[in-house]
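Participant: What follows is the residue order along each chain.
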Amino acid sequence: MINFFNTYQSLLDHILVNMLLAASQYVVLRAGVFSLGSAGFAALGAYCTALLTTKLGWNPWLSVVVGMMLGTLVSALLALPLSRLRGVFQAVATLAFVQIVLSATQNWVALTNGPMGVNSIPHAAGTASLLLIVVAVVVFLVMMGRYSFGRALDVIREDETVAVSLGISVPYYHRIAFVLSGALAGLSGGLHAISSYSITPQDYGFGLLVAALAMVVLGGRTTVWGALVGALVLTSLPEVFRVFADYRAVVQGLLLMLVIIYLPRGLADTVIAHLKDRRLRRTAAPPVIAAPVGVLTAQTRSRS
Amino acid sequence: MSTTLVLENVTRHFGGVPAVDGVSLEVPAGQITGLIGPNGAGKTTVVNLITGILHLTQGRVLLDGQDVSKTEAPDLARAGVARTFQNIRLVPDASVLDNVLAGFHRHEKTGLWANLLGLPSARAEARQMRGGAMQLLERFGMTELAEHRAGALSYGHQRRIEMMRALASRPKVLLLDEPVAGMNDAEAESLAHIFRKVAADGVAVLLIEHNMRFVMSLCSRLYVLASGRLIAQGEPDAVGRDPVVVEAYLGA
Amino acid sequence: MLMQQLLNGIVVGSVYGLFALGFTLLFGVNHIMNMAHGSVFMWGAFAGLFAVLQFDAPIYVALLIGMLAGGAVSVLLDLVAFRPLRRRGGPEFSAIVSSIGADLVLISIAQKLSNTAVMRFPFDAFPVIFFSFMGMRVQLLQLVIMALVVIMVVGLVWYLYRTSFGLRIRSVAYAEQTSRLLGINPGPVNMQVFFISGALAGMAGVLIGLVFNSVHFAMGEPLLLRAFVIIIIGGLGSIPGALIAGMVIGIVQTLSVAYISSGVAEAIVFLALFVVIVLKPTGLFGQPTAAMRVQRA
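Chain order of the listed sequences is A, B and C.
Under the working numbering, think of the first position of the first sequence as 38, with each following residue one higher.
Under the working numbering, think of the first position of the second sequence as 3, with each following residue one higher.
Under the working numbering, think of the first position of the third sequence as 10, with each following residue one higher.
Be careful, since some hints might not be right.
Examples of chain B residues lying across from chain A (beta carbon under 8 Å, computed) [claimed, not checked]:
#1 107
#2 128
#3 149
#4 171
In short, the hints are calculated from the structure, not lab data.
Virtual Cβ for every residue (Gly too), placed ideally from N, Cα, C.
Bound-form chain A, shown alone (with noise of 0.2 Å):
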């Protein structure tokens, strides 16, 4: 099902770059936004990477910079429309978005060289190199989720009329969370095409877009340590459990469904609050709050 690796590729690299991925799909499904675009993003990154290196000769480094710049500004223009649904409907819409990038990597042979996908890239990202940016988007994104910007997509998620009766611009939010999540998607294309020497269209089609799916339902979507553990785990587990290679995809579609229905938030997200809960329960324990004793006998004079 997927094939986002060859088998050059080590798993910690695999792991770095779908975590950036998962990133990617946290960052929207925080903000409410149902966009399952990422993967169509990530094509747009990578072939926009590999091809500046192929063909053009380009620095793959910088090749990967306007890859995830091609990200950033598609999934701008696609916000403007996009912003305007909800549910469902942004989730098909963006599907739509995959298949039509898929469709055009498959046909534009000229371009995109068809199925037979662009080969022999440079080798130019090393794990180290990807460890860096993978810490740096980790901490950008927690700095962002943990003060005001992060308050307001948690209130636009959870309830966008709130939202609004607190001031709260929804359509500015959920912009910028669709603008991010393009540029998280398209660099961790452009990095998966210069540390893996290959892509073909299939990298990137239906069996990606489930899979970013997944890691963030599995790990959580609203914290970032969700996304990451979500993409540990699932890239990790057909390597561990060799078996489960082979049936990848029947093994994802069990587990979307079992966690969605019976451990709806994701392990990280679950494991989060509850610890949270924890460490409180063990300072004061609040007693029920009762009305000042002063005010309450006031009360019940002035009625009797």
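With the hints as your guide, set chains B and C onto chain A.
Facilitator: Then chains B and C, alone, in the frame of chain A:
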């Protein structure tokens, strides 16, 4: 006292059926005005009409003398109209403090990047908001719970968090949609105490309830809604004795 | 030539419409988008093919088996992927994710069973008879398909509007809480709806398998996306809308394949989907959809 919020002959039809019909009321600043009525009377529809969730079929809504009948919800919120909701929608995994801080949003002046880069202006504003939030927590008696996960707390606590969030936006008008539903008398009374203080600070409070007893001691003026129409209005004691009102509640 | 392609398009489109009908029925009653509906379609085709290949069944039996299989898979989907969420009151997001997961499982099982092969109905499964009409070659198959679609739609309308079962279905669709209060148990109603929509999908699967002479594990995905285009153009919950829009899509697709290429035809369908969702989420016939932006309603 100026009349901050005025409804003039407000009507809303749903497919020909009037859910709200010719409602006129005034919510002055510094007082608590009650809108009561049996279930299904149309009280929440009135709130939705005021806050920009529904179009008015007829009539006007005036905020500080300005016609806001066609103003969209986000702009109304920014103009200082705050509300609480019948079903509490907090962010369950966020702390009490974070939930309350969300209410300060409309007053934030520093932008996204200033916050990200940790610029002094952003940090100063964050400190100010945090201070304001802690003050609210003090007022509501929840300072020790500041870092608790909102979803882990009791219903009573959650109601208070929602209230603090609405107050954080320093509104001109506060619409309380059944704020003490499901509470015992003691808890309801402590909230009533806070409502009085909020009104005393100059906010125009509209309290929507169907629990008559609760609103009696709290409101300066009552409006009674039944089947979308106002059937009585005036001093709470007088309204409470009005046979039309009694009939509406018993017959409902 | 053009008339021929139009005819082909209408026939294929009517089957798409049938499939979309089942899909929109589910949404109308349960307010969920079953992302696994394409796999129900595919499994119907698999079951019909199996009946023919293993048991030499005549085509009408295969059709019946396809319908039953589609219905069964659909009901299974409800029990495993949707019902647990309904019980817990999960948000819309959860239902969609759950159905995507179920879709994956159904597809991979089919992939394993079929060994990723593209299978075909035997050449003599359906009598190859042509008629000449106004310069066009009309296959008996095409006539039978049209007849079946008409029968199914009439049957569905009759069931929904003239029987007590149908009344219960419409009642639950309109107001589930109130129906419950009136003693209508939504459980069996949901099951019926899932079965009916699955049966329609299963039949569509066998028919499409015959028309395009191919049955394979991935045949459901493109159908699902077409169904989205169809119900958005035709309007959510609208029966005539689903059929008319289905034929439109069938025509557009057939013409694109005939005059451009099949690869581009796919891209055109996806592009149409994207444009249609962005421009007209309420469709031409249907009612307004679920929560959009918060603004004065």
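Participant: Hint by hint, note whether the structure agrees.
Facilitator: For each hint, the structure was consulted:
A cut of 8 Å between beta carbons decides the hint on residue 107(B): the least distance to chain A is about 5 Å, and the hint holds. Taking 8 Å as the C-beta cut-off, the interface hint given for residue 128(B) holds, the closest approach to chain A being about 7 Å. At a threshold of 8 Å, the smallest CB-CB gap from residue 149(B) to chain A is about 6 Å, leaving the interface hint in force. Hint status for residue 171(B) relative to chain A: holds, with the closest Cβ pair at about 6 Å, below 8 Å.
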